[in-house]
Amino acid sequence: MITWNYVDWGGSIDQGLTNTGFPVYEVEIKGWNDNQNYSDLEDLLIIRVVHTYSSVEAKMIYLHPDAKCNLKVRKLAKETQNYLVDAIQVNG
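So the sequence shown is numbered by my numbering: it starts at 41 and just counts up by one.
Source of the hints: derived by calculation from the structure; they are not laboratory data. Heads up, the beta-carbon is just placed ideally off N, CA and C, and yes, glycines get one too. Nothing false has been slipped in among the hints.
Using C-beta positions, here's what the derived DEER-type ranges look like:
#: 1; residue 1: MET41; residue 2: LEU81; range: 13 to 21 Å
#: 2; residue 1: SER95; residue 2: MET41; range: 32 to 40 Å
#: 3; residue 1: ILE42; residue 2: VAL130; range: 31 to 39 Å
#: 4; residue 1: TYR93; residue 2: ILE53; range: 17 to 25 Å
#: 5; residue 1: SER79; residue 2: ASP126; range: 30 to 38 Å
#: 6; residue 1: ASN75; residue 2: GLN129; range: 32 to 40 Å
#: 7; residue 1: LEU111; residue 2: SER79; range: 22 to 30 Å
Model the full structure from these sequences, guided by the hints.
This is how it looks when you write it as structure tokens:
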């Protein structure tokens, strides 16, 4: 199983619309071990949140097979998902 010394958002929050016109927000989480030149930067998962008329739906899409078993990745994913859902519910 692969582990990563560092895990963090892979950038900012991406925004868009679904095929049916609902707002969608995505954050990618990346992992790496070399904090100098990021030579081993890997895409781990995408957190996608869709705001429909009656609900907020969150989904985690794992891009790396070992990401689901890594507690550091899962903790950041859950925190990020909660952040996005809370932000949508406050602003939506």
